[in-house]
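Engineer: These protein sequences, in sequence, are chains A and B. Going letter by letter, the first sequence gives residues 1 to 282 in our numbering. Going letter by letter, the second sequence gives residues 1001 to 1282 in our numbering.
One should not assume that every hint holds.
Computed Cβ-Cβ distance ranges for the label pairs, DEER-style [claimed, not checked]: (1) A:100 - B:1262: 37 to 47 Å; (2) B:1039 - A:27: 39 to 49 Å; (3) A:132 - B:1091: 43 to 53 Å; (4) A:162 - B:1056: 25 to 35 Å; (5) A:52 - B:1174: 24 to 34 Å; (6) B:1174 - A:43: 26 to 36 Å; (7) A:122 - B:1229: 14 to 24 Å; (8) B:1034 - A:122: 42 to 52 Å; (9) B:1219 - A:162: 31 to 41 Å.
For the record, the hints were derived by calculation from the structure and aren't laboratory data. We treat Cβ as the ideally placed atom computed from N, Cα and C, and that holds for glycine.
There are 2 protein chains.
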Amino acid sequence: MQSLRAFLIVASLAFGAEALAQTDPLPSWNAGPARDVIVKFVQTTTDPANPTFVPQDERIATFDQDGTLWVEQPIYAQVAYALDRVPAVTAKKPALKDVEPFKTVLSGNHEAITRLSPPDLEKILAAALTGMTVEDFSVAAKTWLATATDPRWHRRFTDLVYQPMLEVLRYLRANGYKTYIVTGGGQDFVRVYADQVYGIPPEQVVGSAGATKYGYDLHSRPVLIKEPKLLLNDNDAGKPEGIHFMIGRRPYIAFGNSSGDRQIAGVHTGWQPRAPGDARAS
Amino acid sequence: MQSLRAFLIVASLAFGAEALAQTDPLPSWNAGPARDVIVKFVQTTTDPANPTFVPQDERIATFDQDGTLWVEQPIYAQVAYALDRVPAVTAKKPALKDVEPFKTVLSGNHEAITRLSPPDLEKILAAALTGMTVEDFSVAAKTWLATATDPRWHRRFTDLVYQPMLEVLRYLRANGYKTYIVTGGGQDFVRVYADQVYGIPPEQVVGSAGATKYGYDLHSRPVLIKEPKLLLNDNDAGKPEGIHFMIGRRPYIAFGNSSGDRQIAGVHTGWQPRAPGDARAS
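Given these sequences and hints, build the entire structure.
Structural biologist: Here's what the structure looks like:
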């Protein structure tokens, strides 16, 4: 390690900062076992002479999002979005104004809102995020993300991403890995910003997903309407199930931060020892 | 056209067959409007100066499989596979031997087998293609494909692919298009051979797909078991729904050969005029 560092300094003197950036793929990471295991994973799986070599077209890496790539406290961004949409939802369906949990959300009572149960939140998510075309959903989410801010840091949600993880994404991609998000969050929601924020295109976002229904709009143009019917609950065992469904091969490295990411490490048996993000229970 | 052909001959004389192959991307296609519209589609959507230019990362092309990329008559390959597996299924569950439709399949009476109803075939597909790990499914399907032959041509199913369509796949990929299969056939079945036969990796196969269940085998290793529960029926309206679910963007060109591919053309509004494969009802 010491000699490698010495080499990096020499390289830096010889070739300038750019060369250093090329040789240090994880500049925000502290030296230590977590960083070492990632670098070792990349070096061994991309070295044809190494017994753990992985052919380039099989190099799949998966990343949980909330708490792994961006902040998840004090509230999931998607839940904040759904709560913000409740006034628009009840304006369209005024009968909901006096029905729980919508009544509590409209009250603006923060303490009561934070006490809403998971089934209550599911009702809000279903009402706020379905019943429109997939294009209308995308435009509305994009508009909200452009201005909404996190209640703790008062920054845009898409600014609250972890720099060290952005470096891991880039490092893996530079070494031929296809990077996927595998999140319990809504697939359509994450697809709105994943390309811009993480460099991950829509087809490489696996998330909880509802059904859509093919139909026609008033101008007889075909549309897909988002329905309040869950097809894939991409949490816990749903993560390896979703990976099989959407990707069809096992990832060689999987990053997560909570108990909902435990099973995803179960399907990662292609490489030993496991990378530090694997099934690190919170 | 005449002058282009003359140019090609000159180029061929000057640079040999390789240069001709480079300038004629669709050598098996007859001259005519179908070929012309494909070439025009590629030229215009990849030319930054053209108003219909498509940025490279948005270039998505989808292909139906049965009848579009390989033969579908007299019987779908996957149905032939399921029928061939019935003896193994009933050996494990002998009670099924005297139950329809398994009794008819075991009788070997070809005429009676061809008269089986769609619900009967669904029962056979469910019994034959579920209840095992995804790896065991893959190995069994691969083994069968290596030896089974088509009842009409007596050739391996994977040899009965359409050369002109292989050329279209390669031509689109050479021009930055990501090629997907979008099939009513089983996603896991097609994934077994799509990479080798069509150059399409597992993650670019969208098909009818059943649920899987995460669990553990006798050695406490995590496994995914295929379940007889349909998650995505990738036919008719299920095709655009499946494309949204799995890819998350609209294809710019879609190829199909039957009424089950009609709706897929409905979502293809990104480019005019439409390419010939679009919703060409049988």
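Engineer: Does each hint hold? Answer for all of them.
Structural biologist: Each hint tested on the structure:
1. A:100 - B:1262: 37 to 47 Å: 44 Å, holds
2. B:1039 - A:27: 39 to 49 Å: With Cβ atoms ~47 Å apart, the hint holds.
3. A:132 - B:1091: 43 to 53 Å: 51 Å, holds
4. A:162 - B:1056: 25 to 35 Å: Distance hint for residue 162 of chain A, residue 1056 of chain B holds at roughly 28 Å.
5. A:52 - B:1174: 24 to 34 Å: 33 Å, holds
6. B:1174 - A:43: 26 to 36 Å: 32 Å, holds
7. A:122 - B:1229: 14 to 24 Å: With a Cβ separation near 22 Å, residue 122 of chain A and residue 1229 of chain B satisfy 14 to 24 Å, so the hint holds.
8. B:1034 - A:122: 42 to 52 Å: 49 Å, holds
9. B:1219 - A:162: 31 to 41 Å: With Cβ atoms ~36 Å apart, the hint holds.
Violated hints for the displayed structure: none, as all numbered hints are satisfied.
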